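Visitor: Everything in the sequence shown is counted per UniProt numbering, starting at 1 for the first residue and increasing by one.
Treat the hints as calculated values from the structure; they're not laboratory data. On a predicted model such as this, the values are computed, not experimentally measured, just so you know. Any given hint could be a false lead.
[What the hints assert, rightly or not] Below, in silico cross-link-like pairs of lysine to aspartate or glutamate (EDC-like), each with a Cα-Cα straight-line distance of 20 angstroms or less:
id, residue 1, residue 2
1, 104, 80
2, 242, 139
3, 431, 461
4, 442, 376
5, 104, 141
6, 442, 391
7, 442, 375
8, 185, 80
9, 242, 141
10, 442, 380
11, 242, 518
12, 431, 502
13, 521, 531
14, 442, 469
15, 485, 469
16, 242, 522
17, 431, 483
18, 485, 499
19, 485, 471
20, 104, 139
21, 442, 418
22, 442, 390
23, 485, 457
24, 442, 420
25, 485, 461
26, 485, 502
27, 185, 106
28, 431, 494
29, 242, 277
30, 485, 511
31, 521, 511
32, 242, 499
33, 242, 515
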Amino acid sequence: MDLNNIFKASAIVTALVLAGCGGDINITPTVNDTSTNNSNNTTNTTNEGNDTGTGDGTTTENPCASYETSGVEVQGEYTDGNCEYSKDFVSPASPLTTDITLAKLDNGGAHFFKSSLVVGENCNTSDSCVLVTEGPTVEIEAGATLAFDDSSSRVQINRGANIEAVGTYSNPIIFTSANAIASLKVADAQPQDWGGIMIDGFGITDQCSDAERAAVTCNAESEGAVTYYGGNDNTDNSGTLKFVKIHYAGGLPAGAEEGNDLNSLSLFAVGSGTTIDYVDIYAGYDDGVELFGGAVNLKHIVVTDTQDDSIDIDAGWKGNAQFILIKHGTVVNAAGNTINMGNGGFESDGTKVKDNNVAPSAPQIANVTVITIDEESVRDGNPSVAIKLDDFISATWYNTVLVKTTATQTHCFENSGDAEQVVVDGAVSMKNSVAACAVLAKSETVGATTYTNWLTDTAEDNNSILGGDADVLASNGFATIADLKTPFDVTTIDASFFESVDFIGAVSPTDTSSDWYDWAKDAYDNAIANEL
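Work out the full structure, taking the sequences as your base and the hints as a guide.
Guide: Below, the structure written as structure tokens:
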């Protein structure tokens with residue numbers, strides 16, 4: 001294993017933080033007089049930098065994204081096989097207001113953003129801003145790679161804007177650290193190298209009141225970088241993320257308070273019209289996915305070795321999820337330090353009680369595998385646990401497998417005092433699931449009941465509690481063994497989203513030729529290759 005290429009702290013990062021600190025930008029966009037808007041520019045007759053000389057008197061087309069403003073075309077600079085975009089091309093202060101396309105570049109080239117890729121206006125209607133419901137779209141072609149080199153840098157899709165990032169299994173779209181790109185690398189890639197992806201939607205969040213929604217003044221402030229989200233449409237469509245990898249994200253934006261970090265993928269009141277499918281999140285500093293209200297659905301998600309929670313449920317999320325693989329692990333950085341990755345597999349924050357008319361988060365989650373470790377996360381010293389319940393929430397996990405092989409200092413479940421009653425009342429439940437845990441819960445007693453009773457007292461729930469040494473995973477380490485338990489038919493909940501399965505856990509032990517099996521295997525193997 002090449003463990004020296006994991007999380008070494010970069011002594012050179014400061015020199016790269018130009019866009020975030022207001023320093024000089026060495027890369028400037030090419031500007032050409034033209035009357036044509038072409039996101040993948042062809043040869044221009046003026047040739048003021050858009051074309052690249054080959055040394056033999058001929059030129060090649062500049063494949064970098066471009067847009068037209070006031071009759072002038074602005075385009076990224078094609079350098080050493082990469083497309084480089086300065087803060088003058090796009091940034092939080094200069095968001096895109098027109099459509100662009102980011103193409104797959106030859107020979108592994110990357111679209112390298114020196115600031116943030118911000119699409120649409122960040123609108124606070126309390127400041128007399130008028131929301132645009134049909135804003136610009138960034139289209140990202142299958143096989144494209146986007147790279148960032150600053151913890152403030154992010155992909156920010158504001159309300160009304162869209163992202164269409166549709167890859168394939170063989171040509172995924174990659175969002176990553178510039179240090180993961182050989183031609184851009186100045187240090188080893190590590191968590192917090194860049195911010196992550198933020199999508200703001202018009203969905204319902206308990207961060208706004210009914211009165212605010214009616215007056216179109218729902219402007220909930222996002223976590224991390226300040227953007228505004230929320231509305232009254234849980235069917236809102238912000239686009240598509242499909243066959244997408246998000247690696248080394250979770251940065252702290254400039255000016256943000258310590259601890260107010262970006263997640264690898266933040267979904268702020270994103271609606272069910274949005275597609276989030278086949279996403280691989282690796283080595284994030286904060287949460288893998290955090291959902292702040294809305295009703296977006298998740299399918300085919302792998303989260304490995306994030307330092308905080310893998311999936312964080314918050315602010316009234318009402319969506320569904322199926323096929324979720326979560327793995328915590330321990331790595332060694334370039335300095336030889338042991339780093340434990342992973343806090344909660346799921347953290348459930350529930351309601352913030354600004355508006356009691358908005359029901360708490362109430363997701364239906366099926367076919368999950370959470371593999372935890374007997375360690376405390378480097379992120380905050382909290383233990384690696386499968387499910388951590390905070391505040392009020394109403395949720396059910398179906399066909400779920402929780403795995404903790406040893407437990408001298410950790411456990412599978414824990415809850416705050418605020419969440420105690422949701423266990424007692426059955427607002428949170430599991431069905432047709434297995435807890436293979438060396439220690440079941442931080443405290444077996446929860447209110448007037450116990451975790452053992454909560455899981456097994458109702459026969460129709462069909463749950464089992466096994467020891468940590470139970471054989472529940474296949475030899476590949478991530479699929480469940482055959483015939484572990486009869487699954488719940490989740491198509492009876494929502495046949496338009498859930499798929500019928502003949503197994504519990506995230507990955508079938510027999511369907512080894514599917515894109516999902518291969519997607520999960522690749523992500524799991526990548527994590528294992530960089531772990532102890």
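Visitor: None of the hints should be skipped; say for each whether it holds.
Guide: Structure-based check of each hint:
Only pairs whose Cα atoms come within 20 angstroms are accepted, and residue 104 paired with residue 80 is accepted, the gap being roughly 15 angstroms. A hinted pair counts as satisfied when its Cα atoms are at most 20 angstroms apart, and residue 242 with residue 139 qualifies at roughly 12 angstroms. Of the pairs offered as hints, the one joining residue 431 and residue 461 holds, with about 5 angstroms between alpha carbons and a cut-off of 20 angstroms not exceeded. About 13 angstroms separates the Cα atoms of residue 442 and residue 376, which keeps this hinted pair within 20 angstroms; it holds.
With a C-alpha separation of about 6 angstroms, the suggested pairing of residue 104 with residue 141 holds against the 20 angstroms cut-off. The hinted pair formed by residue 442 and residue 391 meets the criterion: a straight-line CA distance of about 17 angstroms does not exceed 20 angstroms. As the CA atoms of residue 442 and residue 375 are separated by approximately 14 angstroms, the hinted pair is consistent with the 20 angstroms bound. Between the alpha carbons of residue 185 and residue 80 the distance comes to roughly 13 angstroms, so the proposed pair stays at or under 20 angstroms and holds.
Between residue 242 and residue 141 the alpha-carbon distance is near 11 angstroms, which keeps this suggested pair within the 20 angstroms criterion. Among the hinted pairs, residue 442 with residue 380 is consistent with the structure: their alpha-carbon atoms are about 17 angstroms apart, no more than 20 angstroms. About 15 angstroms separates the Cα atoms of residue 242 and residue 518, which keeps this hinted pair within 20 angstroms; it holds. The hinted pair formed by residue 431 and residue 502 meets the criterion: a straight-line CA distance of about 15 angstroms does not exceed 20 angstroms.
A distance of roughly 15 angstroms separates the Cα atoms of residue 521 and residue 531; the hinted pair therefore holds under the 20 angstroms criterion. At roughly 19 angstroms between alpha-carbon atoms, residue 442 and residue 469 fall within 20 angstroms of each other, so this suggested pair holds. Proximity of residue 485 to residue 469 is assessed by CA-CA distance (about 17 angstroms); at most 20 angstroms being required, the pair is judged to hold. Between residue 242 and residue 522, the direct Cα distance comes to roughly 16 angstroms. Compliance with the 20 angstroms bound is thereby established for this hinted pair.
Pair hint residue 431 plus residue 483 holds up; C-alpha atoms about 16 angstroms apart against a cutoff of 20 angstroms. Under the criterion of a C-alpha separation no larger than 20 angstroms, the hint pairing residue 485 with residue 499 is consistent with the structure, at around 17 angstroms. Note on residue 485 and residue 471: the hinted pairing holds, with a Cα-Cα distance of about 13 angstroms set against a maximum of 20 angstroms. Under the criterion of a C-alpha separation no larger than 20 angstroms, the hint pairing residue 104 with residue 139 is consistent with the structure, at around 11 angstroms.
At roughly 15 angstroms between alpha-carbon atoms, residue 442 and residue 418 fall within 20 angstroms of each other, so this suggested pair holds. Taken as a hint, the residue 442 and residue 390 pair is honoured in the structure, with Cα atoms around 14 angstroms apart against an allowance of 20 angstroms. At roughly 17 angstroms between alpha-carbon atoms, residue 485 and residue 457 fall within 20 angstroms of each other, so this suggested pair holds. Distance check on the hinted pair: residue 442 and residue 420 sit about 13 angstroms apart at the alpha-carbon level, within 20 angstroms; holds.
This hinted pair checks out: residue 485 and residue 461 have alpha carbons roughly 12 angstroms apart, not beyond 20 angstroms. For the proposed pair residue 485 and residue 502, the alpha carbon gap of about 9 angstroms is at most 20 angstroms, so the pair holds. The hinted pair formed by residue 185 and residue 106 meets the criterion: a straight-line CA distance of about 18 angstroms does not exceed 20 angstroms. A hinted pair counts as satisfied when its Cα atoms are at most 20 angstroms apart, and residue 431 with residue 494 qualifies at roughly 16 angstroms.
Distance check on the hinted pair: residue 242 and residue 277 sit about 5 angstroms apart at the alpha-carbon level, within 20 angstroms; holds. The straight-line distance between the Cα atoms of residue 485 and residue 511 is roughly 17 angstroms, inside the 20 angstroms bound, and the hint therefore holds. For the given pair, residue 521 sits about 12 angstroms from residue 511 by alpha-carbon distance, which is consistent with the 20 angstroms threshold. Straight-line distance between C-alpha atoms of residue 242 and residue 499 comes to about 17 angstroms, which keeps the hinted pair within the 20 angstroms bound.
Between the alpha carbons of residue 242 and residue 515 the distance comes to roughly 12 angstroms, so the proposed pair stays at or under 20 angstroms and holds.
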